[in-house]
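Chemist: In my numbering, the protein residues as written are 18 to 317.
Since the hints were made in silico from the structure, they are not lab data.
Ideal Cβ positions, reconstructed from N, Cα and C, are used throughout, including at glycine.
Treat the hints with care, since some could be wrong.
As the list claims (entries may be wrong) - Label pairs and their calculated CB-CB ranges:
{"no.": "1", "residue 1": "Gly272", "residue 2": "Asp172", "range": "39 to 45 Å"}
{"no.": "2", "residue 1": "Phe177", "residue 2": "Asp214", "range": "41 to 47 Å"}
{"no.": "3", "residue 1": "Leu91", "residue 2": "Pro49", "range": "46 to 52 Å"}
{"no.": "4", "residue 1": "Ala50", "residue 2": "Arg310", "range": "43 to 49 Å"}
{"no.": "5", "residue 1": "Ala227", "residue 2": "Thr111", "range": "35 to 41 Å"}
{"no.": "6", "residue 1": "Glu196", "residue 2": "His239", "range": "44 to 50 Å"}
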Amino acid sequence: MAPDTVSLRYFLVLAQELNFTRAAARIGIAQPALSARMRRLEAELGTALLVRNTRSVELTTAGAALAESAPPALAALDRAWDTARSAAVGALGTLRIGYSLSAGAETAPALVDRLIRDNSGLEVGAVPMATPEISPAVADGRIDAGITRGEQPGDGVRRFLLRRSRIGVQLAQHHPLAERAEIEIADAAAYPLRLPDRAANPVVHDQLSALFRDTRPHPRFHTPAVAFDLSQRDLRDGVTLAPAGEAAATVQPAGLTWRPLRGAPGLTLHLVLPREQSPLHRRIRAVAKALARELHWLPD
Numbered sequence: 018m019a020p021d022t023v024s025l026r027y028f029l030v031l032a033q034e035l036n037f038t039r040a041a042a043r044i045g046i047a048q049p050a051l052s053a054r055m056r057r058l059e060a061e062l063g064t065a066l067l068v069r070n071t072r073s074v075e076l077t078t079a080g081a082a083l084a085e086s087a088p089p090a091l092a093a094l095d096r097a098w099d100t101a102r103s104a105a106v107g108a109l110g111t112l113r114i115g116y117s118l119s120a121g122a123e124t125a126p127a128l129v130d131r132l133i134r135d136n137s138g139l140e141v142g143a144v145p146m147a148t149p150e151i152s153p154a155v156a157d158g159r160i161d162a163g164i165t166r167g168e169q170p171g172d173g174v175r176r177f178l179l180r181r182s183r184i185g186v187q188l189a190q191h192h193p194l195a196e197r198a199e200i201e202i203a204d205a206a207a208y209p210l211r212l213p214d215r216a217a218n219p220v221v222h223d224q225l226s227a228l229f230r231d232t233r234p235h236p237r238f239h240t241p242a243v244a245f246d247l248s249q250r251d252l253r254d255g256v257t258l259a260p261a262g263e264a265a266a267t268v269q270p271a272g273l274t275w276r277p278l279r280g281a282p283g284l285t286l287h288l289v290l291p292r293e294q295s296p297l298h299r300r301i302r303a304v305a306k307a308l309a310r311e312l313h314w315l316p317d
């Protein structure tokens, strides 16, 4: 049986000092206690490690061999303990995050960046996904976490509010409404409104279209056949406006700008985690919560 590591560490201090009094003072224990530890260590190994006399201590051949071989062994053991502790608190492993395209402009990159920066033992991968697919993928373990816009339905998951942002519209920089600091909902409704395909995100599609439910005449909704990020010609030409969250203001394509809609309710982004959470999931939650507080993503 290997000796206990505390006695082994005490032995290494004694091997450096070659004096019981100095070694005991350096360790912070009484000299008789150190002597007793060394006798037990020698008994466990079945061999003498030290040659003692009234003034000094010398290492035996076995003692010199142990003093040379023990430090790397203890360092490896320390690394093993650190690895186990990191795994226990979710700071080690492979993390897979799925995010909706609307979260890809700012929110998802900020969270991934913070996870990587603060947890060197984590390997983080993030992929864009269709919003309705994210919660089922978290529930069945295909991904570890998701970031979705709106209150997306889903069984077997828990949702945590990550960010609340104002709703506005993206529009061409030369559009007449771009001159305003805020745009009235009714004024925006006078133009064709570009909405995401309902099949891709029914929750947000319905939330955005509901903003204009009471305007008269009813607005014309335009749902392009291709994804928003692949074709923006109608926006650039000033033909349409695109209702969008505040994050759209941080990453503006050339020729476009963003203005808030006066009196519109906020959009929400949620972190989606499995209902049964591992240390890794709890780590994600803690990092996301700290990040949201630091970047003022949620009201106080």
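Chemist: Sort out which numbered hints this structure fails and list those numbers smallest first.
Modeler: The structure breaks hints 2, 3 and 6; every other hint is satisfied.
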